[in-house]
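Colleague: Top line first, the protein sequences correspond to chains A and B. If you read the first sequence in this note's numbering, its first letter stands for residue -11, the second for the next number, and so on. If you read the second sequence in this note's numbering, its first letter stands for residue 118, the second for the next number, and so on.
Partial list, derived from the structure: chain B residues whose beta carbon lies under 8 Å from chain A: (1) Tyr328; (2) Asp329; (3) Met336; (4) Ala365; (5) Thr370; (6) Ala385; (7) Asp422; (8) Gly423.
Hints in this document: simulated from the structure, not taken from any laboratory. Yeah, the Cβ is synthetic: ideal placement off N, Cα and C, and Gly gets one too.
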Amino acid sequence: MKHLSLLILLLILSSGVSYAQWPDSLNIEVKRDRTFEGSALYGYMNGGSDLFFSYGFKSLMVQDIVFYGEQFQVEIFEMSDPLNAFGIYSVHTHRCLKADYSFVDEKQPQYFNCLSKYQLQCAAGSKYISIVFNGGTENAAIYAEELMKYLLSQIKLEMPAFPPDVASLPRPFSGVVRFSEGVWEY
Amino acid sequence: MDRRNFLKVVSAGGLAVAASPVIKAADSSFFPDEIPATNIDEAISIPRTKQSMPGKYPGKVVSCKRDGSVVDDIPVESIAYDMLAASMLSLTGCRKVSRAWKQFVNNKDIIGLKVNPIGERLLSTSHAVVKSIIKQLEEAGINRSNIVIFDRREEQLKEAGFTAENYPGITIWGTEYCDEKGSYYGPDGKLLSESRIDKNWYFYADVEEQYDPYTMPFMVNTGKYSYFNKMCTQQLTKIINVPILKNAGTAITCCMKNLGFGMITNTARLHKQFWHHTSAYVCAFPPVRDKVVLNIVDALRGCFDGGPGANPQFICNYDTILVGTDPVATDRICHDIVINKRIEEGIQKEDKPKSMTFMQLAADLKLGVADKSKIEHIII
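All chains, full assembly: derive it from the sequences and hints.
Modeller: Here you go:
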């Protein structure tokens, strides 16, 4: 596994990806981390992978972390482009408690998000991000937002190239607009 | 990889700026027009035994639903135990639970519990159900040393809590495994998992896919052959299938899928090319067909969308345990549970009969009953 991690690290380095890190101020304890590139996603979710491949999956990084004493699983899926990232996100969101709300003081956020009892999800640029919190408490949700806020600050935000009739729909999109099997549903 | 490396990808937004066309979901490959050649004829040419699928009770399924079987999203073991006991009595007609179990196993058997840990802590076969099965097996005179909990991936078993600490005296076994340092490869450069596959038993299909080095530990081999694991071919005498209830698109992943994709290597090529055929065909090979004596579906918790992955938004409490020797009939009943939930939640508007293709294929192979009108479904 060590060899694999090194290979993956080399690939990431050779792709010219810039570096970021959890800031020390967040005091995050990483319990477990894994990376899955391309078809290695089968090693993470078996048959569930095919859906991700159909949306142009490129890579996944998963971390189990402890933050303010709560456990979180953070998944960052790199998809081929923002539209595919929104697509895979859209089929994973359902009956959001809060949808497309702003983490920072913005009138028109350049990302989509969906908060549910145990999960905060986001589509931002070419990434689909899921933060699962086992606690399900209000505090856990607030901490998840803090984590997401940091992740969003590290991402180049880019809106998906929505077709005009979709782009003109009122917000929120999350939990309402689905892009499934090449078909828009709303 | 440390937390710094983890976040490299977060800041990689500039990599994917090209507006590539959206790739359509894989519905067409889910139901391919041309079926690749396979060795299914070899499997069905091997004579059946007395305990071959669909087992002692073809076309009979018992489902037991209890409110309160899941509290705060955690299945309750004492209630699961009672539900399982009641289901076993109903299935067999026995008056004593231990007698019911003895219809399927005896104290000389090496019994494998084929669980599904892929959802790890989020949605895997529950400990409430697995511990109830073990307890009732022990009460029927089975030694813990004769029980094995197994699946393809040892790491996922561990993450799901199937550990020696939680299950003392019981063997925990995965086809795909790594050493204490986390390496999937031995000093000779070979995958450790190769020692756990049986090349005498294979499912051949004329489709193949090359895997990169990251994928190989999870596939074990490339090419057109998928090998059965040695646990099912050489060590176990009986298998109890303990899947959880999930959707897979508009189909379900339950009894047959848990066996079909859980017993063999090199599965990615099969997911893509012919999921339905693999789910049915692999069950027709003697190490599965002649050893699986019981299917116990853990539907206390399950999902109605996002499966077979585990996404919290789609996880729900079905509050149900289903028991049957016939995996096809059991899957047919489970199909309705999931599809009805999907319709209720607005995920789909109506059932899609094509999504039951694997059940019909299995019925054609005489592995069970797919026609709902011919299934005796007992609700307790």
